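Peer 1: Whole structure, please, built from the sequences with the hints as guidance.
As given, the protein sequences belong to chains L and Y, one line each in that order.
Using our numbering, the first residue of the first sequence is number 447, and each one after it goes up by one.
Using our numbering, the first residue of the second sequence is number 447, and each one after it goes up by one.
FYI, nobody ran anything at the bench for these hints, they're computed from the structure.
Honestly, I wouldn't trust all of these hints.
Note that the list lumps identical chains together, so a pair holds whenever it fits in one copy or between two copies.
[What the hints assert, rightly or not] The calculated lysine-lysine pairs, modelled on BS3-like cross-linking and capped at a C-alpha distance of 30 Å, are: (1) 541 <-> 605; (2) 449 <-> 464; (3) 464 <-> 652; (4) 541 <-> 652; (5) 530 <-> 646; (6) 464 <-> 643; (7) 449 <-> 605; (8) 652 <-> 530; (9) 643 <-> 469.
Note that the coordinates shown come from a computational prediction; the quantities given were computed from them, not determined experimentally.
Number of protein chains: 2
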Amino acid sequence: MSKQGILTVVSGFSGAGKGTLMKALLKKYDYGLSISATTRAPRAGEEDGREYFFLTRERFESMIEQGELIEWAEYVGNYYGTPKKYVEEQLAAGKDVILEIEVQGAFHVRKQFPEALLLFITPPNANELKSRLINRGTESMDKIESRLHRASEEAVFMKEYDFIVVNDDLDECVERLNEIIENEHSRTLRNDSFIEKMSKELMAFKKGDL
Amino acid sequence: MSKQGILTVVSGFSGAGKGTLMKALLKKYDYGLSISATTRAPRAGEEDGREYFFLTRERFESMIEQGELIEWAEYVGNYYGTPKKYVEEQLAAGKDVILEIEVQGAFHVRKQFPEALLLFITPPNANELKSRLINRGTESMDKIESRLHRASEEAVFMKEYDFIVVNDDLDECVERLNEIIENEHSRTLRNDSFIEKMSKELMAFKKGDL
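Peer 2: Right under this line is the structure:
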């Protein structure tokens, strides 16, 4: 079926378990994970080209100007963005690429890659989201409240995604994500050339050929 | 995720292996298979309500008039059609239903069930289709030629389907079909009520609640 790689954007509520999910998915299946670029300083143990591409502000701003980023944003004084080159190379080579990205960024990606597949990860219900955030035990109640508030804002955008994937059981969710992306290769819209080829071959059979 | 059953229409070229595929799919997974109604006489071994609902012309025509058929057609002097009642009952009970139906019928189904999932089964290429028709050894070359001609006409409609499923390996194809239908439950368009519920729950969290 379709030979071009599929660009999948994965978003989801903070606390939905995206990070763990992505790690498990990439460990089990062969996807390209796009590495973001940032102007923030590397933390202890972080490596350039592994966690992030660490860039100067000048370099990052020149990439913005040159249109070399699929999407970018500024948080707390630092730039974060997705370099276009890696994604395009992987897709052209037939490799499926996953971008883990927040809601606004997802829609920027779709503008540039209209055929991107947008997946939204959610816990089965809001109380479960709250519990997960609390059970992490790493954040103040204030911080958790602000994450829940943000989730309520993001929920409005869920309907713009192609699939809503409930993360209840990690392993099941990994399989679901993988299947959705796999099956996407069979979507008719991605198989114009197969259909054209099949039609041509069928029409080439002449009466009396057999 | 979505509780309503999904109505899947499976079409494909004659010789694509739909029959074998459907049998294997229904043996392994729990789908409702809609049983067609017909006015043709039962053949030896056929049972009313198993292969077909065998009806009189009067009964069939009254079903047409009453809008009790999702789609119907007349072939060689006999009516064939899909009773609506069984399909609607199964879907309401949350059961996924499969209709194996030809191209024109598929579009009639979609008109009445716009959310139906349309799958098209095809061999990997036209020569393979020809070989399979010849290797069946049950039909004259004339008949095979006319099937291939019909396939070339049907190929035009492939692009109206949601997914193109290549039947190369039977077991793989059964899994693919099952996964596509399973995943369809996670499609955003089928999860309006989940999204609404999640949004409401998230908005109900008040500042200072934690």
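Peer 1: Is it within a copy, between copies, both, or neither that the alpha carbon of residue 643 lies no farther than 30 Å from that of residue 469?
Peer 2: Classified as between; 29 Å across copies, 38 Å inside a copy.
Peer 1: Have a look at residue 464 and residue 652 and pick one of within, between, both or neither, based on CA distance no larger than 30 Å.
Peer 2: Result: close only across copies, 25 Å inter versus 55 Å intra.
Peer 1: Which holds for residue 449 with residue 464 at a C-alpha limit of 30 Å: within a copy, between copies, both or neither?
Peer 2: both (27 Å within a copy, 25 Å between copies)
Peer 1: For residue 541 and residue 605, with the copy left unspecified, which applies at a CA distance of at most 30 Å: within, between, both, or neither?
Peer 2: The answer is both: 27 Å in one copy and 24 Å across copies each meet 30 Å.
Peer 1: Under a CA distance limit of 30 Å, which applies to residue 464 and residue 643: within one copy, between copies, both, or neither?
Peer 2: between (39 Å within a copy, 21 Å between copies)
Peer 1: Using 30 Å as the alpha carbon limit, work out where residue 449 and residue 605 are close: within a copy, between copies, both or neither.
Peer 2: both (28 Å within a copy, 17 Å between copies)
Peer 1: Between residue 541 and residue 652, at a C-alpha cutoff of 30 Å, which is it: within one copy, between copies, both, or neither?
Peer 2: Neither: 38 Å inside a copy, 44 Å across copies.
Peer 1: Tell me, please, which holds for residue 530 and residue 646 at an alpha-carbon limit of 30 Å: within, between, both or neither?
Peer 2: neither (35 Å within a copy, 37 Å between copies)
Peer 1: When Cα atoms must be at most 30 Å apart, do residue 652 and residue 530 count as within-copy, between-copy, both, or neither?
Peer 2: Classified as neither: same-chain Cα gap 47 Å, cross-chain 40 Å, threshold 30 Å.
Hint violations for this structure: numbers 4, 5 and 8, all remaining hints satisfied.
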